[in-house]
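We have chain A already, so just place chain B with the ligand on it with the hints.
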Amino acid sequence: MKVPLSWLKEYVDITMSPEELAHMLTMAGLEVEALEYIGASWGDAIITAQIVHLEKVAGSDHLSYTRVNTGEEELGIICGAPNIKQGDKVPLALVGAKVGDLTIGEKKTMGYFSQGMLCSPRELGIGNDHSGIYILDPETALGLKLVDVLGEVVLEFAIKANRGDLSSIIGIAREVAALTKQELRIPQVNLHEQGKPAAEMIQVTVEDTDLCPRYSARIISGITIGPSPEWMGRRLLAAGMRPINNVVDITNYVMLEFGQPLHGFDYELVRQQHIIVRRAHPGEEMTTLDDVKRKLTLDMLLITDPEGPTAIAGVMGGAISEVNDGTTTVLLEAANFQAANVRRTSVALGLRTDASSRFEKRLDPELTVAGANRAMQLMEDLIGGTVHPGIVDCYPSPSQPRAIAFSTDDVEWLTGVKVTQHEVVDALSWLDFIVVPDELSNGMQVIVPTFRTDIQESADLVEEVLRMIGYNSIPSTIPVGPLPEPQVDSWFEREYAVRNILIGAGLNEVVTYAMTSRARMVNLLAYADFQSARALLQGAKSVPSHGTSTAGATNNGASTAVVAFDTRTLPAVTLVNPLSSDHDAMRLTLMSGLLETVQENSKRSKAGLRFFEIGRRYLPPVAEGNLPDERRSVGIALSGPAEISWAAELARPADFFDLKGVVETMLAALHISRYRFTPTQHPTFHPGRCALLELLRLASDGEETFSPVGVLGEVHPVVQQRYDLTQRTYLCELDLEQLYEAVPGSLTYQPISRHQELTRDLALVVDERVPAQDVHDAIVQSGGELLRQAALFDVYTGEPIPSGKKNLTYSLSYQSQERTLTDAEVNTLQEGIIRTLHDQFGAVLR
Amino acid sequence: MIGQLNTLLEQLDALQARAIEQLEPIETSAQLEEWDHTYLGRKRGELTNISSVMGKLSKDERPVVGQKINAVKAELTERLAAKKEALRQREMLQALEQERIDVTLPGRAMPVGHMHPISRAIWDVTQVFVKMGFHVIDGPEVETDYYNFQALNIPEDHPARDMQDTFWVVPGQILLRTQTSPMQIRAMQQMRPPVRVVAPGKVYRNEAVDASHEAMFHQVEGLLIDEYCTMGDLKGCLERVARELFGESRRVRFRGSYFPFTEPSAEMDIDCPICSGQGCRTCKYTGWIEMLGCGMVHPRVLREVGYDPAKYRGFAFGLGPERVAILRHTVEEIRLFSGNDLRFLKQF
Ligand SMILES: [Zn+2]
Numbered sequence: 001m002k003v004p005l006s007w008l009k010e011y012v013d014i015t016m017s018p019e020e021l022a023h024m025l026t027m028a029g030l031e032v033e034a035l036e037y038i039g040a041s042w043g044d045a046i047i048t049a050q051i052v053h054l055e056k057v058a059g060s061d062h063l064s065y066t067r068v069n070t071g072e073e074e075l076g077i078i079c080g081a082p083n084i085k086q087g088d089k090v091p092l093a094l095v096g097a098k099v100g101d102l103t104i105g106e107k108k109t110m111g112y113f114s115q116g117m118l119c120s121p122r123e124l125g126i127g128n129d130h131s132g133i134y135i136l137d138p139e140t141a142l143g144l145k146l147v148d149v150l151g152e153v154v155l156e157f158a159i160k161a162n163r164g165d166l167s168s169i170i171g172i173a174r175e176v177a178a179l180t181k182q183e184l185r186i187p188q189v190n191l192h193e194q195g196k197p198a199a200e201m202i203q204v205t206v207e208d209t210d211l212c213p214r215y216s217a218r219i220i221s222g223i224t225i226g227p228s229p230e231w232m233g234r235r236l237l238a239a240g241m242r243p244i245n246n247v248v249d250i251t252n253y254v255m256l257e258f259g260q261p262l263h264g265f266d267y268e269l270v271r272q273q274h275i276i277v278r279r280a281h282p283g284e285e286m287t288t289l290d291d292v293k294r295k296l297t298l299d300m301l302l303i304t305d306p307e308g309p310t311a312i313a314g315v316m317g318g319a320i321s322e323v324n325d326g327t328t329t330v331l332l333e334a335a336n337f338q339a340a341n342v343r344r345t346s347v348a349l350g351l352r353t354d355a356s357s358r359f360e361k362r363l364d365p366e367l368t369v370a371g372a373n374r375a376m377q378l379m380e381d382l383i384g385g386t387v388h389p390g391i392v393d394c395y396p397s398p399s400q401p402r403a404i405a406f407s408t409d410d411v412e413w414l415t416g417v418k419v420t421q422h423e424v425v426d427a428l429s430w431l432d433f434i435v436v437p438d439e440l441s442n443g444m445q446v447i448v449p450t451f452r453t454d455i456q457e458s459a460d461l462v463e464e465v466l467r468m469i470g471y472n473s474i475p476s477t478i479p480v481g482p483l484p485e486p487q488v489d490s491w492f493e494r495e496y497a498v499r500n501i502l503i504g505a506g507l508n509e510v511v512t513y514a515m516t517s518r519a520r521m522v523n524l525l526a527y528a529d530f531q532s533a534r535a536l537l538q539g540a541k542s543v544p545s546h547g548t549s550t551a552g553a554t555n556n557g558a559s560t561a562v563v564a565f566d567t568r569t570l571p572a573v574t575l576v577n578p579l580s581s582d583h584d585a586m587r588l589t590l591m592s593g594l595l596e597t598v599q600e601n602s603k604r605s606k607a608g609l610r611f612f613e614i615g616r617r618y619l620p621p622v623a624e625g626n627l628p629d630e631r632r633s634v635g636i637a638l639s640g641p642a643e644i645s646w647a648a649e650l651a652r653p654a655d656f657f658d659l660k661g662v663v664e665t666m667l668a669a670l671h672i673s674r675y676r677f678t679p680t681q682h683p684t685f686h687p688g689r690c691a692l693l694e695l696l697r698l699a700s701d702g703e704e705t706f707s708p709v710g711v712l713g714e715v716h717p718v719v720q721q722r723y724d725l726t727q728r729t730y731l732c733e734l735d736l737e738q739l740y741e742a743v744p745g746s747l748t749y750q751p752i753s754r755h756q757e758l759t760r761d762l763a764l765v766v767d768e769r770v771p772a773q774d775v776h777d778a779i780v781q782s783g784g785e786l787l788r789q790a791a792l793f794d795v796y797t798g799e800p801i802p803s804g805k806k807n808l809t810y811s812l813s814y815q816s817q818e819r820t821l822t823d824a825e826v827n828t829l830q831e832g833i834i835r836t837l838h839d840q841f842g843a844v845l846r
Numbered sequence: 001m002i003g004q005l006n007t008l009l010e011q012l013d014a015l016q017a018r019a020i021e022q023l024e025p026i027e028t029s030a031q032l033e034e035w036d037h038t039y040l041g042r043k044r045g046e047l048t049n050i051s052s053v054m055g056k057l058s059k060d061e062r063p064v065v066g067q068k069i070n071a072v073k074a075e076l077t078e079r080l081a082a083k084k085e086a087l088r089q090r091e092m093l094q095a096l097e098q099e100r101i102d103v104t105l106p107g108r109a110m111p112v113g114h115m116h117p118i119s120r121a122i123w124d125v126t127q128v129f130v131k132m133g134f135h136v137i138d139g140p141e142v143e144t145d146y147y148n149f150q151a152l153n154i155p156e157d158h159p160a161r162d163m164q165d166t167f168w169v170v171p172g173q174i175l176l177r178t179q180t181s182p183m184q185i186r187a188m189q190q191m192r193p194p195v196r197v198v199a200p201g202k203v204y205r206n207e208a209v210d211a212s213h214e215a216m217f218h219q220v221e222g223l224l225i226d227e228y229c230t231m232g233d234l235k236g237c238l239e240r241v242a243r244e245l246f247g248e249s250r251r252v253r254f255r256g257s258y259f260p261f262t263e264p265s266a267e268m269d270i271d272c273p274i275c276s277g278q279g280c281r282t283c284k285y286t287g288w289i290e291m292l293g294c295g296m297v298h299p300r301v302l303r304e305v306g307y308d309p310a311k312y313r314g315f316a317f318g319l320g321p322e323r324v325a326i327l328r329h330t331v332e333e334i335r336l337f338s339g340n341d342l343r344f345l346k347q348f
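Residue numbers (this note's numbering), protein chains in the order written: chain A, 1 to 846; chain B, 1 to 348.
Since the hints were made in silico from the structure, they are not lab data. Here a beta-carbon is modelled for each residue, glycine too, at the ideal position from N, C-alpha and C. Treat each hint with caution, since some may be false.
Straight-line distance between alpha carbons at most 16 Å, and here's what the computed EDC-like set of lysine to aspartate or glutamate pairs gives [stated by the list, open to error]:
| # | chain 1 | residue 1 | chain 2 | residue 2 |
| --- | --- | --- | --- | --- |
| 1 | B | K131 | A | E493 |
| 2 | B | K131 | B | E34 |
| 3 | B | K202 | A | E495 |
| 4 | B | K284 | A | E33 |
| 5 | B | K202 | B | E322 |
| 6 | B | K284 | A | E485 |
| 7 | B | K284 | A | E72 |
| 8 | B | K346 | A | E643 |
| 9 | A | K606 | B | E239 |
| 10 | A | K805 | A | E831 |
| 11 | A | K806 | A | D767 |
| 12 | B | K202 | B | E214 |
| 13 | B | K83 | B | E10 |
| 14 | B | K68 | B | E10 |
| 15 | B | K131 | A | E485 |
| 16 | B | K131 | B | E239 |
Beta-carbon label-pair distances, calculated as ranges [unchecked claim]:
| # | chain 1 | residue 1 | chain 2 | residue 2 | range |
| --- | --- | --- | --- | --- | --- |
| 17 | A | P717 | B | Q173 | 41 to 49 Å |
| 18 | A | A40 | B | S212 | 42 to 50 Å |
| 19 | B | V170 | A | T705 | 48 to 56 Å |
| 20 | A | H838 | B | S29 | 28 to 36 Å |
| 21 | B | W168 | A | V795 | 28 to 36 Å |
| 22 | A | D291 | B | Q173 | 32 to 40 Å |
Isolated chain A, as found in the complex (with noise of 0.2 Å):
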């Protein structure tokens, strides 16, 4: 809301500058975002002056020639204004004066010598208008500095959503005058009431008193529609409002003054002179005052006519009675309607006006007949005509000031400041509140003003109280209330321990939008299927284990009969509102938003492409209705080689090991030890280059059981080359809840043995396809409890070795607990394993 200053010291002194008042007021809650300095621009160069004489320009169709005094001296101005005469006073910039952008100059124009330029209201930056030249008030003396005629200081407030009440001057000069402790003066009403009453010319019915505590309504007759005055003109102007003509401006003066909205009807085309307030009927239609054609909905609220709507309550008024050229008589509405309605309607039909974002924040039922007078006092003064006698008002019940017993213990409770009795009273008294004080009891009845919806309790009387006396008296204290129980290993804590694990293995921790978008999301899969779509929605659970579907995405790739996969179809949290196309799905996996990442970071450079994100998968509910699961995950995703570097292990391209090696160095430092990797099958991933993580779990009847948390890979080409990624790029996502069930609680110490390690190589070949994995399990297996690591320290094919096969090297420590070993019991043991490798995958010795 933008407030004038000079209007506003119509109704308080202020003595303070216009940066000391808006802090001041800052602080009490009514929040100053701006200062406007209008005229701040004109400088000493702009000034009043009269035209004494004007000319037409000969051979011109528009310039004329005039003379101006400036009180000092007589100047010579060509000016293309039609709107001038003899005698105007108006705003002359001088030569060497900025105008906007243009700087004056002497200039000769078809014969005539031009000293300066008159303004228009657009030139000065004070109105829209550039039809003509701005013409100041007769009364103006001649040589001031129009800054000192024209400038003003417009503060531009923030009005809270609970303060109706300060959606006017009057009610910000309110607050002034109790900050300030200085009279509010309110205009008085003094009407010359004639002719036929009111009650007589117009019948007033409210059917839905739900939706219109009151109506009031008054007629004035014999009037002129024309321009209001300059004054008030100027004055909405630098309120934010257009003038349009008498009647209307008044209507919108009144409002910016006292917050009541009111609507101005040409009483003639109110038809059967009768108003009556109702909801809408179905299918009504009502073309709005901006001359749009809007259907109405039945909790919408209508004033009508017998005949059909003339306006929507409370939001615009229709066009079929709207105060035109010919309009002689005016009914006057000054009505109070129910706040969510008036919300509701407007929201509903997309029209939010001044009416309405007053109407929704709750007026004061008492504004009506004040604004209606003021209104009608401005008319009679300004316009002239005939006031006809008294209100028609419907008010059924009135509304009782409210009465909350308070007291200065209220105060300290809540803030912790020390108050004395006075003080209270008088901060409470300055804001129009009554204070009936208790002397047994120390308290007090607090009467609150009609005009104050937002006080309904005590704690809102307690901020009243903080804001008169000032929020730095509140103390600065520490609690000192009992803790509560302490909390152990939240989710918060586990997420960071993961965060700070991957950050210190090297990764960069991206925040992604939660927000994308079905079609982003389907780029992540290879051939996109209803098969395929699935895996993207149900993570790692969908992904089928030991790679049953090969076939599948490498037949589809072949084949150009694929069937179109309709994107439309996946399953996904959406929005229906949302910032765009790009954005209308909450994602389903993290894997979308990192592979961007790399996509956009991989055009600055190809290195250090190192990326995590720990983030929520959005799963639709299961049933209609309930919430999302919001699956705590983590995503990684690497490409290319960790720096440019002289330093070949630098410079070599990430590969699929160095990925896994992240996620082991992961489980690693979470201490979880039984999991495993198998080869797998996943629509974003390269066939033959995809695991699915699986953890070892006990189920409640014994049984241990792997299940999965995750997949990792390397991204298939298609997806790869649809990111316009030029380097192989590997991705990862783990449901970080799954992978915390194998958080062990406590770590339990393993004494050292102190009896000898024999150590045994042992290189063997396999086919080419066994899975490392498998014989390193099998070895475990049959190696037993005095096995007591084997590590795999040499992966070798090629010559001597036939094709097909590979040989593998492992380093096997033999230890026990209790004893020494000996080489027979360790030999025994190698021969066992060797056996079972032997009859399990065929391996031979070398």
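Chain B with the ligand only, in chain A's frame:
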């Protein structure tokens, strides 16, 4: 025979002198070996050759010559050893010299990871409260209208809903939370006083994205409910946050504000950490920076979760980690936080 003896002794002296003279310029192990062979060689070494004439000497002369031979041998052997050691030293130095590397080449560093500045800010903010006995909790980002609005004293059709443009999943029912404040309700429902929680997390607003507005950002909600708790405690706690994050000398100020779920409500400003309150571009020359909104939990909110406002009271606040990071690192555009540009991320 005396003459022969003398000649022999002179020969030995000359031999020694010649050997020493020849030893001096020797540069390589091969030359040294040659020298060793020439003078001290068991078979045809010159000293051996001279020894061979011993048999022609008298009994009295033999010990004299023998002693002399031994002395020469000892002298030459000792010099040989010294020379050998000198050569070895020199050869090692040469070998080391050949292994010289350019120590100014970049090291083979382990890749360094970086925490996102928002994660860092959230951690630092929460730890201030953890030290004061607060629990860190979290909850759903896709929320119900009840928790995000209604329970927080923001009924349907309340103009306060304008403060937060909402992304709707199911209009009027399910939404992306616009604030972390629903965690106040969830915490109070799940716990009994004393309640001390901070709840960090993502929030969403349907706003046009620009240099200072994001559609997804973060908040840290704080809530304390107890039988004794005042706005002074709120001020004291938030002062600690300001000082821990922005320096020991930070001052805070409260001013009036409005939030539907707190009463009284306040906005907290800190004196500008960039200019220490002198006035600069960041603080728009006011010397103060808006930090967060806070207040005492509204009695209606307490009643909503079944807490008696006559017995319990408490404070709540909502702080923006983006704002913290912007001020700490003088980041000019909020969009950088979700841009995930490595050139940005690596600075933290
Ligand atoms: Zn500053």
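Taking the hints in turn, this is what the structure says about them:
1. Proposed proximity of B:K131 and A:E493 is supported: the alpha carbons are some 14 Å apart, at most 16 Å.
2. Between the alpha carbons of B:K131 and B:E34 the distance comes to roughly 81 Å, so the proposed pair goes past 16 Å and is violated.
3. Of the supplied pair hints, the one linking B:K202 and A:E495 holds, its CA atoms being roughly 15 Å apart against a limit of 16 Å.
4. Our distance criterion of 16 Å between C-alpha atoms is met by B:K284 and A:E33, whose separation comes to about 12 Å.
5. Annotation: proposed proximity of B:K202 to B:E322 holds, straight-line Cα distance about 11 Å (limit 16 Å).
6. A threshold of 16 Å between alpha carbons decides the hint, and for B:K284 with A:E485 the separation of about 44 Å lies outside it, so the pair is violated.
7. At most 16 Å may separate the alpha-carbon atoms for a hinted pair to count; B:K284 and A:E72 exceed this at roughly 42 Å.
8. Between B:K346 and A:E643, the direct Cα distance comes to roughly 13 Å. Compliance with the 16 Å bound is thereby established for this hinted pair.
9. Restraint check for A:K606 and B:E239: the C-alpha separation of about 45 Å exceeds 16 Å, so the hint is violated.
10. Using a Cα cut-off of 16 Å, the hinted pair A:K805 and A:E831 is violated, with the two alpha carbons roughly 22 Å apart.
11. Of the pairs offered as hints, the one joining A:K806 and A:D767 holds, with about 6 Å between alpha carbons and a cut-off of 16 Å not exceeded.
12. For the given pair, B:K202 sits about 11 Å from B:E214 by alpha-carbon distance, which is consistent with the 16 Å threshold.
13. Proposed proximity of B:K83 and B:E10 is contradicted: the alpha carbons are some 25 Å apart, above 16 Å.
14. The straight-line distance between the Cα atoms of B:K68 and B:E10 is roughly 10 Å, inside the 16 Å bound, and the hint therefore holds.
15. For the hint linking B:K131 to A:E485, the alpha-carbon distance of about 14 Å falls within 16 Å, and the restraint holds.
16. A distance of roughly 14 Å separates the Cα atoms of B:K131 and B:E239; the hinted pair therefore holds under the 16 Å criterion.
17. For the hinted restraint 41 to 49 Å between A:P717 and B:Q173, the CB-CB distance of approximately 44 Å keeps it satisfied.
18. In this structure the hint that A:A40 and B:S212 lie 42 to 50 Å apart at CB is violated, the actual value being about 26 Å.
19. Range check, B:V170 to A:T705: about 38 Å between beta-carbon atoms, so the 48 to 56 Å window is missed.
20. Range check, A:H838 to B:S29: Cβ separation about 55 Å, and the 28 to 36 Å hint is violated.
21. Taking the beta carbon of each, B:W168 and A:V795 are about 55 Å apart, not inside 28 to 36 Å as hinted.
22. Judged by the Cβ atoms, the range 32 to 40 Å given for A:D291 and B:Q173 holds: they are separated by roughly 36 Å.
Comparing the model with each earlier hint shows violations of hints 2, 6, 7, 9, 10, 13, 18, 19, 20 and 21; every other hint is respected.
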